[in-house]
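Undergrad: Sequence:
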Amino acid sequence: MRLLTHNMLSSNIKGVANGFPLRIEAEKVVEKEVELNTDFLRNMFAKIEWKALVEASKTLGYAELPDVAEPSMLDSDEFLNRFHHALLELHLEEGALVCPETGRKFPVNKGIPNMLLHEDEV
5 MRLLTHNMLS
15 SNIKGVANGF
25 PLRIEAEKVV
35 EKEVELNTDF
45 LRNMFAKIEW
55 KALVEASKTL
65 GYAELPDVAE
75 PSMLDSDEFL
85 NRFHHALLEL
95 HLEEGALVCP
105 ETGRKFPVNK
115 GIPNMLLHED
125 EV
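Per this note's numbering, the sequence shown starts with residue 5, numbered consecutively.
The reader is advised that the hints may include incorrect statements.
The list that follows gives simulated cross-link-like pairs (lysine-lysine, BS3-like), each with its CA atoms no further than 27 Å apart [said to hold, decoys possible]:
1. Lys32 with Lys62
2. Lys55 with Lys32
3. Lys114 with Lys51
4. Lys55 with Lys36
5. Lys36 with Lys51
Hints are computed from structural coordinates only; laboratory data are not their basis.
From just these sequences and the hints, can you work out the full model?
TA: So this is what it looks like as structure tokens:
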């Protein structure tokens with residue numbers, strides 16, 4: 005699961021008011037090379053919750069993103085490369101996503117998060 009996906013997921017358990025961002029418990033992280041697409045990065049930048057991306061990337065062992073990012077930084081090749089690496093090349097292969105409010109763990113196996121709810125959580 006890419007951090008792009010993680011940045012779009014939240015816990016939808018009944019009664020949860022703040023299910024974002026899901027905390028990551030990583031057991032296996034892999035890096036997969038992806039061709040750089042600067043247009044995609046520029047378009048996605050406004051849709052990304054930056055603080056959540058920074059925290060998630062640190063959890064996966066990548067601490068090269070600035071704590072705060074401004075749109076003007078998209079003119080920097082160095083920033084684009086770091087943003088690209090964190091967003092698209094880091095993959096949570098095995099582990100869990102944890103609801104920040106309830107502590108409920110959603111397993112991630114073979115890079116696929118299982119966000120299915122139990123009957124009492126709907």
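Undergrad: Sort out which numbered hints this structure fails and list those numbers smallest first.
TA: Violated hints: none at all, because every hint is consistent with the structure.
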